[in-house]
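With the working numbering, the residue at position 106 of the sequence shown is 112, and numbering never jumps.
There could be a bad hint or two in this list.
[Said to hold, decoys possible] No more than 27 Å apart at the CA atoms, straight line, and that leaves these computed lysine-lysine pairs for DSS-like:
no.: 1; residue 1: K102; residue 2: K122
no.: 2; residue 1: K97; residue 2: K8
no.: 3; residue 1: K163; residue 2: K114
no.: 4; residue 1: K97; residue 2: K54
no.: 5; residue 1: K97; residue 2: K165
no.: 6; residue 1: K106; residue 2: K165
no.: 7; residue 1: K122; residue 2: K54
no.: 8; residue 1: K106; residue 2: K172
no.: 9; residue 1: K122; residue 2: K106
no.: 10; residue 1: K53; residue 2: K106
no.: 11; residue 1: K26; residue 2: K97
no.: 12; residue 1: K102; residue 2: K165
no.: 13; residue 1: K53; residue 2: K122
Keep in mind the hints are simulated off the structure, nothing from the lab.
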Amino acid sequence: MKATGIVRRIDDLGRVVVPKEIRRTLRIREGDPLEIFTDREGEIILKKYSPIGELSQFARDYADALGQATGHTVAIADKDQFIAVSGGNRKELLAKSISKELEQAIEKRENINASKEERTFIPVTEEMEELDSEVVAPILSEGDAIGAVLVLSKDPKNKTGETELKLAISAASFLGRQMES
């Protein structure tokens with residue numbers, strides 16, 4: 007565990023303020039859910055909660071099936087990182103942070119179907135190799151945008167299109183409903 011040197015007191019209601027620097031670094035925003043853990047040494051651990059993370063094995067299986075059906079890389083992300091990836095970019099994406107642009111697209115509930123020449127094309131991570139085309143479909147659960155299904159292609163001869171967009175929207179809708187049940 008990494009020490010920050012920051013000390014905070016608990017108020018009379020049992021609250022502790024998480025410092026702004028830590029919230030910014032960990033991308034924790036007002037209203038974000040946190041999981042609380044304790045260990046045997048008496049430490050309290052706060053972890054940003056990912057509702058999609060509960061479906062991680064299911065999301066991996068779904069991404070694999072969709073990737074096989076489309077021949078493209080399929081990724082499923084929560085609002086912070088990629089939790090499931092199928093295809094050739096698995097190591098490049100899995101557990102990597104999503105880009106600010108992708109985070110904004112999820113928040114705006116935008117479906118994207120674009121090639122790199124188009125104005126609507128966005129980077130999906132800060133450091134990933136260049137893609138040729140992409141599809142992004144936000145996952146909505148109980149009215150909240152909680153993540154996205156992405157279909158990605160590096161091959162200019164095998165671009166994503168309307169079929170991949172419909173498949174991604176369908177997958178996102180299905181995953182959102184799984185979260186609600």
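Going through the hints against the structure:
Between K102 and K122, the direct Cα distance comes to roughly 21 Å. Compliance with the 27 Å bound is thereby established for this hinted pair. At most 27 Å may separate the alpha-carbon atoms for a hinted pair to count; K97 and K8 meet this at roughly 26 Å. Straight-line distance between C-alpha atoms of K163 and K114 comes to about 30 Å, which puts the hinted pair past the 27 Å bound. The straight-line distance between the Cα atoms of K97 and K54 is roughly 23 Å, inside the 27 Å bound, and the hint therefore holds.
Under the criterion of a C-alpha separation no larger than 27 Å, the hint pairing K97 with K165 is consistent with the structure, at around 21 Å. In summary, the hint linking K106 to K165 is supported, as the alpha carbons are separated by about 24 Å, within the 27 Å threshold. Note on K122 and K54: the hinted pairing is violated, with a Cα-Cα distance of about 32 Å set against a maximum of 27 Å. Taking the CA atoms of K106 and K172, the gap is near 24 Å; set against the 27 Å cutoff, the hint holds.
For the hint linking K122 to K106, the alpha-carbon distance of about 17 Å falls within 27 Å, and the restraint holds. For a cut-off of 27 Å, the pair hint linking K53 to K106 stands: about 21 Å separates their Cα positions. Taking the CA atoms of K26 and K97, the gap is near 31 Å; set against the 27 Å cutoff, the hint is violated. With a CA separation close to 23 Å, the supplied pair K102 and K165 stays within the 27 Å bound.
Between K53 and K122 the alpha-carbon distance is near 35 Å, which puts this suggested pair outside the 27 Å criterion.
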